[in-house]
Amino acid sequence: MDDLVLKVVARVIIPFIQVYGLYVVLHGHLSPGGGFAGGVILAGGFILYALAYGRPALDSLLPDRLAALLESGGVLWYTGLGLVGLLTGSAFLANARAGFPLGVPGRLFSGGIVFLLNLGIGLKVAATISTLFRNLQEEE
Amino acid sequence: MVQNLEYIAAMLLYVTGLGIMLFHSNLIKKIIGMNIMETAVFLIFIAAGYVRGGQPPIALPGEPLLLPVNPLPQALILTGLVVSVSITAYALALLREIYRHFGTLDAAEIARRKGELT
Amino acid sequence: MKSVLIILLLVCLAALLVAVALDMPPLGEPSTPANASPLTRYVIANAVRDTGSPNRVAAVVADYRAYDTLGETTVLFTAVAAILALERGRKDEKSNG
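Chains as they are written, first to last, in my numbering: chain A, 84 to 223; chain U, 288 to 405; chain W, 37 to 133.
Keep in mind that the hints were calculated from the coordinates and are not lab data.
Watch out, some of these pointers could steer you wrong.
Result set (DSSO-like, lysine-lysine): computed pairs, CA atoms no more than 30 Å apart in a straight line [to be verified]:
{"no.": "1", "chain 1": "W", "residue 1": "Lys127", "chain 2": "U", "residue 2": "Lys401"}
{"no.": "2", "chain 1": "U", "residue 1": "Lys316", "chain 2": "W", "residue 2": "Lys127"}
{"no.": "3", "chain 1": "U", "residue 1": "Lys401", "chain 2": "U", "residue 2": "Lys316"}
{"no.": "4", "chain 1": "U", "residue 1": "Lys316", "chain 2": "W", "residue 2": "Lys38"}
{"no.": "5", "chain 1": "U", "residue 1": "Lys401", "chain 2": "W", "residue 2": "Lys130"}
{"no.": "6", "chain 1": "W", "residue 1": "Lys127", "chain 2": "U", "residue 2": "Lys317"}
Okay, chain A solo, but in the shape it has when bound (with noise of 0.2 Å):
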């Protein structure tokens, strides 16, 4: 499988794929999308670069290790989040309520724990979208 016009065109279009893909989890909380949406756009990103450059070319970009922490730790980051609104004594998963500013609506850096809680999903499902590719494709 080494197809020139796949490799220079996979070259091209995967900067706007993934920048589109940060697009859309970032500005979850303002326009349609949010954190799921944006991580399997990352992950499609991602299964490209595999299927032109092939496996070993996605393991050196994308290690096992590195996917495994972004996965447990998108898991990680969405406890501790929760777990700051148990320690400033309101609810679990609290937002303005457990200290986190909401700032100006329709602002990038806006909505509380909205945009976090997206920063961490988008992350851990481009990981575990990509880490399904890989373990479903069949090894050469």
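Following the hints, position chains U and W against chain A.
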């Protein structure tokens, strides 16, 4: 003009998925049928929250939000989508193990070989 | 014989489900029970004040129902863990026997 055309389409999609699951003995096709059934359920939920001529439920405090569609079913279905993806991925991984073990993905053939083994 | 039974079952189920669909509240009206419920009105009216997020869906997913989303990520995490366990188990089996 029949009302609730979207609901009827979703119901027929559900029956189609069930038919695929019942008619085919290939396990991959059964998973595809299961996915079609899941899609039908998502379609029913999303259609229930639709408002004809509505706008997306996104607006800043100052902006007008006339006739927004219902955001709650969309948020609920997000959960369903993730569960659906997880189940499909795990089922496919199990199918690969089954194929390694039996050399076939046909449910009837697998049942026959299991009978031979015991 | 078996396929005749299956087709009969599917036709009966389809007739039942279509009858249910025809009996449901008219789709697309703002006055259906789902669209007119107090919960929907509350979320649409107060989401920006409560969470600072103009996107009501994100507000529901990551704030009002954040606990549910935690369970969702756990489901995804468990699926990956199970798939990796299948793969590792097969490799161990191969190396041992």
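The hints, checked one at a time:
For the hint linking Lys127/W to Lys401/U, the alpha-carbon distance of about 24 Å falls within 30 Å, and the restraint holds. Simply put, Lys316/U and Lys127/W have alpha-carbon atoms about 28 Å apart, close enough for the 30 Å limit, and the pair holds. At roughly 21 Å between alpha-carbon atoms, Lys401/U and Lys316/U fall within 30 Å of each other, so this suggested pair holds. For the proposed pair Lys316/U and Lys38/W, the alpha carbon gap of about 19 Å is at most 30 Å, so the pair holds.
Between Lys401/U and Lys130/W the CA atoms are separated by roughly 22 Å; this keeps the pair inside 30 Å, and the hint holds. Proposed proximity of Lys127/W and Lys317/U is supported: the alpha carbons are some 28 Å apart, at most 30 Å.
Checked against the numbered hints given earlier, the structure satisfies every one of them.
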